[in-house]
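Undergrad: If you want the building blocks of each chain, they are given just below.
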Amino acid sequence: MVFSLIALLLLALGGSMTLLFATVLERNPVMTAGGGLGVAVLALMFFALSYEQPGVLLGMYQLGGLSAIGGMILSLIAALTILGVMANPHKYRAGLSEIYALILFTALGGTLMIGANNLLLLYIGIELSSYSTYILVGYYRDERYSTEAATKYFVLGALASALLLYGISLLFGAGGGLYYDQIAATLAAADTLPALLWPGLALLLAGFGFKLALVPFHAWTPDAYQGAPTMAAALLSVGPKAGAVIALGNLLTQALGLEAISGVWQQALIWLAVLTMTVGNLQALNQRNLKRLLGYSSVAQLGTIIVGLAAGTLAGFQAVILYALGYAFTNIGAFTSIAALRDAGVGEEVDDYAGLGKRQPQAALLFTLFLLSLAGVPLLAGFAGKLFVFKSAVDAGLIVLATIAVLNTVIAYFYYFRVIVKMWLQPAADEAQPVNVNAIAMTALALGVIGVLVIGTFPGPFLEAIATALEPLGGLIIVGR
Amino acid sequence: MLTLNHFLALGAILFAIGLYGLLSRRNLVAILMSVEILLNAILVNVVAIARFNDQAQGDVFALFIIAIAAAEVAVGLALFLNVFRLNGVATVDPLRRMKE
Amino acid sequence: MISLLIFLPLLGAALMPLFREPKAGKWLALLISALTTLLSLGLWLGYDLTQGGFQYLQELPWIPSLGINYIVALDGLSLPFVFLTALLTLVSVLAEWQRDDKGFFGMFLMMQGALIAVFVALDLILFFIAFELVLMPMFFIIGIWGYDQRRYAALKFLLYSLIGSVFLLLAILATAFIASGGGMISFDYRLLLTQLPAIAAAKGVLLLISSGFLVAFLIKLPAFPVHTWLPHAHTQAPTAGSILLAGVLLKMGGYGIIRFNLALFPEAMLSLQPFLATLAVIGILYGGYVAMGQTDLKKLVAYSSVNHMGFVLLGIASLTAFGVGGAVYQMVAHGIITGLMFMLVGMMSQRTHTRTIAAMKGMYSAMPVLGGLMWLAMLGGAGIPGMAGFIGEFQALLGAFQNPATAVFAVLSVFGILINGGLMLWTIQRVLQGEPSVQMQENYDLYDLKGLELAAAAPLVALAVLWGLWPPSLSPYIDRAVQPVLELVTNVTKVAGF
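Chains F, B and Y are the protein sequences, given in the same order.
With the working numbering applied, the first sequence covers 1 to 481.
With the working numbering applied, the second sequence covers 1 to 100.
With the working numbering applied, the third sequence covers 1 to 498.
In case anyone wonders, no lab produced these hints; they're calculated from the structure.
Hints may contain errors.
Said to hold, decoys possible - Below, a sample of chain F positions facing chain Y; criterion: calculated Cβ distance under 7 Å:
1) Lys391
2) Val406
3) Ile411
4) Tyr413
5) Gly460
6) Glu464
To be verified - Straight-line C-alpha distance at most 30 Å; calculated DSBU-like pairs for lysine-lysine:
7) F:Lys422 / Y:Lys156
8) F:Lys358 / Y:Lys156
9) F:Lys358 / Y:Lys23
10) Y:Lys299 / F:Lys422
11) F:Lys422 / Y:Lys23
12) Y:Lys299 / Y:Lys156
The beta-carbon is built from N, C-alpha and C at its ideal position, and this holds for glycine as well.
Taking the hints into account, I'd like the entire structure generated from these sequences.
TA: See the structure below:
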C-alpha cells in the first residue's frame, strides 16, 4: 500500500511541482530534466516494490500486481521520453520545464487507467493522459504544423472522449454501478442482458478505438505524429496506448467477461485487429516522412496487440502486456533516434537518411535495431511480443486471424526495410559529411537497445511476472473459441 | 409519466446534435461548443440513471464530468487561441498544410 | 560444446564493432572460424556411430512457461552440415582476405552462428529463430557488398524467405498446439516425435500444417516455381556470400524437409509425394535447360544449383532409405563442389574483370592451377564418378527408381543428368580451353592462384574427392539418422519392396 502510494504521489506531485515552480526551474534546465528523470525512475522503483503488495485504494484503484506492472511500464516510458528530451533540450525552447510535468502526467494517467476498477477512475485516467498529450503535441506553439496537429488531435480526441463517456454512461445504466465487479455481478445475475449494454459496449469500443488509433478511428494519427515534437510523438505512440490497451483488457475481462458478452467483443476486436493491421501497414507503405511512416506503423502495431486481446485468454492478455513493454522500448528508441539525428542536422524524410550508415554508423546501427525490432526480427523485443500474441491466437483457435496477422508482418517488412535499405545500401545524396550525435542521445539509444535485446532474448522472467499479476483475473476470463 | 427512457432519448438527441456540430462546423469556437453539448448529453444520461436507479455514485460521476469538461475546454481554448494567433482566423480552414 | 559452436561466432560478431583497426576483423573471423571448424570436426570424430541418435545433448530452460527451451544436439543428419558451415565460413574468410571491412566479417560470423543453430536446434521455436536470423546477415552481405543490382537482389531474397518463414511460424505454432492435446504446450522436437498419433489425428488440417513447413523449405531449397530469387541473389552476392549461400543456406531447406516434414507428417508426405517428385523433375530439367542459355558464368552456376537441388528433392520424394540418404549426400556434395565453383568463378572474374562466358576463353592456359581446379569443379558439378556429386546424385536416383511411385520421375530426371553433364562440359570448353583473347592478355594481369587462395580451395578439393572415392566416411552417419525417420514413413505406408 505504502509503496504504490509513494509512486503515485511521486508522479502527481513531481508533475505539479514542476508546473508550480516552472519559472524558477527554467534557470537550471539540466537540473530540471534530471529531476524529472529522477521522479520517473523513483516511481518505477516504488511501483516495482509494490508489485507484491496487493490492495485496494479507496475502493477504486487496484494496488500491486497488474497495476504495479502497468505503473512500471508507464514510468519507464516517462523516463525514456525524458531522456530523449534531455538529448536535445534546445529544441524544446519555450517553457522547457512544463514538458517534464506533462510527461509525468501522461504516465500518471496511464497508471490510473490500468489500476482502475471503477469506470469513473478509468475515465479520469484516460482524460489526464489525453489532455497532457494534446498540449505536448502542440508544444511548438510558434510552429504551424505543431498547432495544426494539436488542433486535429484535440477535436478528434474530444470526440473520442465523448463517445467513450457516452458508452460509460450507458454501461453505468446497464450494469447498475461504476465498479467493475458490480457490473459483472449485475450482468451475471440478470435473466436477459439489458438492452443498454450493447450500444454501451459499441460506444466504449469506438472510444477506445479512437484513443488507440484503431482503424477506422485512426484518421488523426499521421498528422499528429508528423506535426508533434518528435519526443511528444514518441510518448503519444506508446504512453496513452500502452495504458489504454491494458485498461481495455482489464475492463473487458473483469466487467464484461460473461460469455454471452465476451463473444461479442471478441468478434469486434477481431475485425478491428484485421482492419487496423491491414490498413495501417498498407498506408505506411508509401510514406515519405519518417514520423508519418512511424505513425502508420504504430497503427499497425496496435492492431497486432489487439490480436492478443481478441484471443480472450489469459495467455493473450499476458502477451499484450509483454508486447506493450517491448513496444515502449522500441518505439521510443526509434523516435529518439529521429529526434537526435534531426538535432544533428538530418532531415525527417526517408530520403534524408540515404547513406546514413556511412555518415553516422553508430546511430544508424541503433536505429536499424529499433526498426528490426518493430519489424519483428528474432531476439529483439518486437519478435517476442509478436510471437506470443500469435501463439495465443493460435491456441485460442483463431487460426485465420493469426494467419492474417502473420501475413501483415511481411507487408510491414517492406517499409521498415525501405528505411534500412536507404541507410545502408544507398549512397548519401550530398557529399557524405559525418553526423555528430550528442552523448546523451547515444546513451538513451543504447539503453533502449539494451532493453530491446533483453526483452527479446530473455522474455521468460517478464512473462512470469505478468502471469503472476494476472492470476487474480483468472477466474473472470472466459476462454472463448 | 416520465421514465428513464425519455431521459435517455433526450441524451441521445443532444448527443446527435453535438456530434453533428462537431463534424460540420468550421468555426473552432462552435466546435468547442459542440464538445460541450456532447458532454452535457452524457450528463443528462448519468443524472437520469442515477436518479432512476437510486445510485448516489452517479451524482458524483456527474460532478466529475463537469469538472473534467471544464479542463477539456481550457485545453481546447488554449490551442484554438494559438491557431488564431498564427493564422488570424479561428476556423479549421488553415489546418490542412501537412498532407501537401 | 555445441553451444560453443553457436555462441563463439555470435560473440565474435558482437565484439566486431569494438575494434578500431579494420584489419582486426578478418583476423578475428579467421581465428573463430578455424576454431569452430576444428571443434566441429572433433565433434564429428567423437560421435558414437553405434549408439546413433542425438548426442552432445544440451538442455537449458529458456521460456519454460510457454514450453520454449534451449535444446541443442547433434545427430548424423546435422553433423555434416554443421561441419560444412564451419568449414565454408573458414574458406569464405580466406577467399575474401583482400577485404579490410570488419562489418563484412562480423556479418559472416553472425551468419555462421545462426546457421549452426539451425542445424542443431531441437526446439522448434529455437529452430525458427535461427532460421530467421540467418536472413539478416545475408541480406546485408548481398545488399551492401554485392554487385550493381544488389539492392533488388537482397530485397528479393529477403521477401521470398520471409513469406516462407511466415507460414513456417504458423505451422510450428499449430503443430505444437495440436500435439499438446489441450495439455501443456511444448516445442521440444523429441517430445513432438512421441506425439505423432495426436498430430496424425488432426486429419483436416494436417495437410495444411505440413504445407506450412514445406513452403518455407521449398523456397529455401529452392524448388521450381519459387526458385527465382536464387539467380539474382547469387549473381549479386560477393564471392564469399555465394559460397555460403550455395553451400549452406540452401541446405536448410532439404534439412528441414527431412527433419520436420518427413518425421512429423509422414502421411502428408506420402500424399504430397507425386507433387514433390514433379517439382523435383521440373527443377532438374528446367534448371539445366536455363543454365544452358546463360551468358553470365555465375548465373550459370546458380541455375545448375537449381538442377542439383532437384535431385535432393527427388531423393526425398522417393521416401526410400536410399533416396533420402542420397539426398543428404547430394546436399553435402553440392555444398562442397558448388562452393568451390563459386569461389573459383569469383577469383577468375576478379582477374578478368568480367563474368561473361564469351569473354573468358583459354583460362586454363593462362592460369593452369586455377583453370585446373575449375576443370575439376566443373566435372564434379557434372557428377562424374570419383567425385562426391556422383554418389549423391546416383543414390538419390536409385532411391527414386526403387519406389514404383517415383520410378517414372527418375527416368525423366536421367535426362537432367545428361543436360547438366553436357552443360558443364560445354562450359569447360568455352571458358577453359583455347587461348585467352589478346585484349584480355594485354589489359589484365592473369596471375595464377596465390598461397592464400590455394589454401582456401584445398580443403574443398580434398573433400570433394575424398567423399567421391570413399563414401563410408560420410554415408554411415547419414544413414544412421535417416533410418529411424524412414521407419516412421514405412509404418504409415506399408508399401512392399522398400
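Undergrad: Does each hint hold? Answer for all of them.
TA: Status of the hints after comparison with the structure:
The closest approach between the C-beta of Lys391 (chain F) and any C-beta of chain Y is roughly 5 Å, which is under the 7 Å cut-off, so the hint is satisfied. Interface hint at Val406 (chain F): satisfied, since its Cβ lies 5 Å from the closest Cβ of chain Y, which is below the 7 Å cut-off. Against a cut-off of 7 Å between C-beta atoms, the interface hint on Ile411 (chain F) is violated, since the closest Cβ of chain Y lies about 10 Å away. Interface hint at Tyr413 (chain F): satisfied, since its Cβ lies 6 Å from the closest Cβ of chain Y, which is below the 7 Å cut-off.
Hint on Gly460 (chain F) holds. Least Cβ distance to chain Y is approximately 4 Å, under the 7 Å limit. Given hint, Glu464 (chain F) at the interface with chain Y, holds; its Cβ is 6 Å from that chain's nearest Cβ, closer than 7 Å. The straight-line distance between the Cα atoms of Lys422 (chain F) and Lys156 (chain Y) is roughly 16 Å, inside the 30 Å bound, and the hint therefore holds. With a C-alpha separation of about 24 Å, the suggested pair Lys358 (chain F) and Lys156 (chain Y) falls inside the 30 Å cut-off, and the hint holds.
Only pairs whose Cα atoms come within 30 Å are accepted, and Lys358 (chain F) paired with Lys23 (chain Y) is accepted, the gap being roughly 18 Å. Restraint check: the Cα-Cα separation between Lys299 (chain Y) and Lys422 (chain F) comes to about 27 Å, which is no more than 30 Å; the hinted pair holds. Taking the CA atoms of Lys422 (chain F) and Lys23 (chain Y), the gap is near 27 Å; set against the 30 Å cutoff, the hint holds. Distance hint between Lys299 (chain Y) and Lys156 (chain Y) is fulfilled; the C-alpha atoms sit about 16 Å from each other, no more than 30 Å.
Figure legend: structure checked against the earlier numbered hints; the only hint not met is number 3.
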